Amino acid sequence: MTASEALFTNGASPGGLSSTNPLRDVRDRRLPRVAGPCGLVIFGVTGDLSRKKLMPAIYDLANRGLLPPGFALVGFARRDWEDQDFAQVVHDAVKQHARTPFRDEVWKQLSEGIRFVSGEFGDKQAFETLRETIRDLDEKRGTQGNHAFYLSVPPKFFPDVVRQLKETGLADGPEHAWRRVVIEKPFGHDLASAQELQRIVGEVFDPSSVFRIDHYLGKETVQNILALRFANEMFEPIWNRGYVDHVQITMAEDVGIGGRAGYYDGIGAARDVIQNHLLQLLALTAMEEPVSFDARDLRLEKLKVLNATHAGKDISRSTARGQYVRGWQGGELVPGYLEEEGIPADSITDTYAAVQLEIETRRWAGVPWYLRTGKRLGRRVTEIAVVFHRAPHLPFSRNQVEELGQNALVMRIQPDEGMTVRFGSKVPGTSMEVRDVTMDFAYGESFTESSPEAYERLILDVLLGDPPLFPRHEEVEASWRILDPIEEHWESHGKPDTYPAGTWGPRSSDEMLARNGHVWRRP
Amino acid sequence: MNIDLTDTTSSKIFGALLDARRRSGSPAMGAVLTLVIVTDEQGHYDALKAATSASREHPSRILVVVARPGRGASRLDAEVRTSGETGPGEVVLLRLHGELSDHPDSVVLPLLLPDAPVVVWWPGTAPEDPAHHPLGMMAQRRITDSASCQSPISELAKRRSGYSGGDTDLSWTRLTPWRTLLAGALDHPAAPITGAKVAAEAESPSAELLALWLGSRLGVEVERATTDGPGITGVHLWSDGGGVDIERGDGRVAQIKVPGSPERSVALPRRPLSELLAEELRRLDADDVYGEVLGLVSPADGSVGAGA
Ligand SMILES: NC(=O)c1ccc[n+]([C@@H]2O[C@H](COP(=O)([O-])OP(=O)(O)OC[C@H]3O[C@@H](n4cnc5c(N)ncnc54)[C@H](OP(=O)(O)O)[C@@H]3O)[C@@H](O)[C@H]2O)c1
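Going down the list, the protein sequences come from chains E and C.
For the first sequence, the numbering used here begins at 1 and goes up steadily by one.
For the second sequence, the numbering used here begins at 1001 and goes up steadily by one.
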């Protein structure tokens, strides 16, 4: 168990495990948390997410011995498949994408519980068949009525599926059994649609049975933010406006929109990434210390800080957006956004978005929080950089510290997870000259090559019913409240600036920081 | 990179490590612990292989201490291997000749990573009292392996009499998947367990520990049965509601039967040394549960009494 996991587990018995089990002992920390008897139903198994992330993660969990005996995996899609055909699809996905080595005995265990149900989302009969399949699994595999429904489908089908689950009685299991639903982002495209989605889901499932996946929260390094901040003495005293000059949160992608034009156009970078991932990172970095790492206490603090966060008054000066145009990226000439297949020539969708946010709390008043994200940027990287004030007095002459910048603490989330500290150090030689140096802690190197994929952690937590890593609808709505005014402003004010693919975004974004005397880090 | 140093000292070895690290251009080290392996010429290859593989999960400086006692003069030979084929950490193979073989601590102490935990592992023969062995005294955690010794069961009794917090034995580590499965089977309220049986190959220290653990936790007599193995082949827990049945004949896949559910198969493979070691390195504080179970081993010959 990593430090962060310890923080989250907090010694409590997870998800309804019997505390009277004589074989369990809180001191016996070798025994991992294993899900009780249950099954997982995936809607949209033919999709990208399911093949690349979900099915491999399930295999990896089985391989690590974290799934219960008899675990069942049911696929639902509009294909004329038999169970074996689907098993073959899972097999191929696992072989290609799983993190842990392929073992026949693990595959045997898993494949015995694989089923397939064929149908459309509007097809009531298919859902009846699903119910029969589940009942049969309860009998033959001992899943005891516990099932999670994973909606790996385009969001416009959420209402259909949820309604069908309700109407066929699938949403309610037998007594003592649980039914859970897992939904993927986007959770709406603005506050109103998010509330509508919540209304639909909330009518059928209890809030504690709804698991919203923000896969960033399943990443070890994101959880490590909490360990870093709250398990150490040396960071928290300086974690405030007295020492912090500003904060930069970046999630950059080098890819374009790929084949996802239909999803992406009209949504854009801010809704796709800032609303969920970046605001969650902001919340974890900025929040006050929760009294415990229980889901409730953690959520309370995140909500408090999100509710205190808003864009600057003059939105045109505190935001920037861009759209990539044809350019050279990493040695390749790539098309511009408007040239991508399926994108209307007059699209004003932002593929780059940067916002300056303010957090109105005693801790952060006056400290700008810059969030940026984009497609086709310099390289793929996600990081949080906390940049500190310059020393108030420097007992050096000007030219001695000419090359000294500001101290910074950078939490690197991906791809090379870890932490960097930047500080001034004397340049070797006779004269006194101070220059920035960096000190690196590589997380992936210091712990576990076998650090689990985010989806492994999240799927296991769904099956255990352990909610701390899943945003609740209150957080989703608080985030839309921050973003909605910005989107409204953009809608009615012209179109995005352009930036050549492979660069770090439009000039307007640099100007936005320059107005405060800041510059973007080159991550 | 490999550097051979003959008739050397710890400070020269330290210099070689530092040098190699500078030359590779990365002065910072990500290592989280020092792993000292105490072994002999026959054992060091396999042990080192397991340790380097485990060090991918727990980057370590690995010090392999090979004692070559004898009449010859005292001499220290070392082989320093850094990054590349050995994985992320550093490996130093130390051969202690002559009288020096009685003073391994003097060689190892200067080579420990500053401020990082120390783990000592005896893959084969282990001292009677690991915590008071000169190398054991430096360590937070001391790993032994009863199963690799001549007579494993009496070895377990020795482990008991020499136990200190922080000791651990791989025969206990090997049980984790079994214990996980058994604990999972009892997670959901069932009728109280009234009896138990553990079946395993002869001379299995893991089976001894499992029987003792079950007996003390469930408060029941645990029967023992000897089979052809490999390892533990079955565990049965009786209760009025039917009980739990786990059979594993091939050392890979088990069949499990619990009340109210059909029989199912579950992967329960015997794990390689590298995985056992990686599990051990995950936690560096005392394993109290192991200490308690070990305390139940009978001192004379380590058997559980009647029915064995
Ligand atoms: N891919 C990612 O990396 C990623 C990341 C974050 C969030 N998400 C979210 O995860 C979900 C799934 O993503 P995805 O990329 O896997 O989507 P996808 O590749 O478009 O797959 C969608 C799935 O839905 C099925 N489907 C679509 N329309 C249907 C209909 N009318 N009736 C029955 N089935 C239908 C498709 O089946 P057919 O094969 O029959 O069309 C397919 O299996 C979405 O909510 C997405 O927003 C995905």
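Simulated from the structure, these hints should not be mistaken for laboratory data.
None of these values were measured; they are calculated from a predicted model.
Heads up, the beta-carbon is just placed ideally off N, CA and C, and yes, glycines get one too.
Hints should not be assumed to be uniformly reliable.
Stated by the list, open to error - Partner residues aside, some chain C positions facing chain E, computed with beta carbon under 10 Å: (1) L1100; (2) G1162; (3) T1173; (4) W1213; (5) L1268.
Unchecked claim - Reference listing, derived: stretches of chain C covered by chain E, where coverage requires no fewer than 3 residues with Cβ under 8 Å from a Cβ of chain E: (6) 1135-1144; (7) 1175-1185; (8) 1279-1289.
Stated by the list, open to error - Below, in silico cross-link-like pairs of lysine-lysine (DSSO-like), each with a Cα-Cα straight-line distance of 27 Å or less: (9) K495/E <-> K185/E; (10) K52/E <-> K95/E; (11) K108/E <-> K1158/C; (12) K185/E <-> K304/E; (13) K1158/C <-> K1197/C; (14) K140/E <-> K1257/C.
Verification of the hints:
no.: 1; hint: L1100; result: violated, 33 Å
no.: 2; hint: G1162; result: violated, 22 Å
no.: 3; hint: T1173; result: holds, 8 Å
no.: 4; hint: W1213; result: holds, 8 Å
no.: 5; hint: L1268; result: holds, 8 Å
no.: 6; hint: 1135-1144; result: violated (count 0)
no.: 7; hint: 1175-1185; result: holds (count 8)
no.: 8; hint: 1279-1289; result: holds (count 6)
no.: 9; hint: K495/E <-> K185/E; result: holds, 25 Å
no.: 10; hint: K52/E <-> K95/E; result: holds, 11 Å
no.: 11; hint: K108/E <-> K1158/C; result: violated, 41 Å
no.: 12; hint: K185/E <-> K304/E; result: holds, 22 Å
no.: 13; hint: K1158/C <-> K1197/C; result: holds, 25 Å
no.: 14; hint: K140/E <-> K1257/C; result: holds, 12 Å
Hint compliance for this structure: hints 1, 2, 6 and 11 are not met, and every other hint is.
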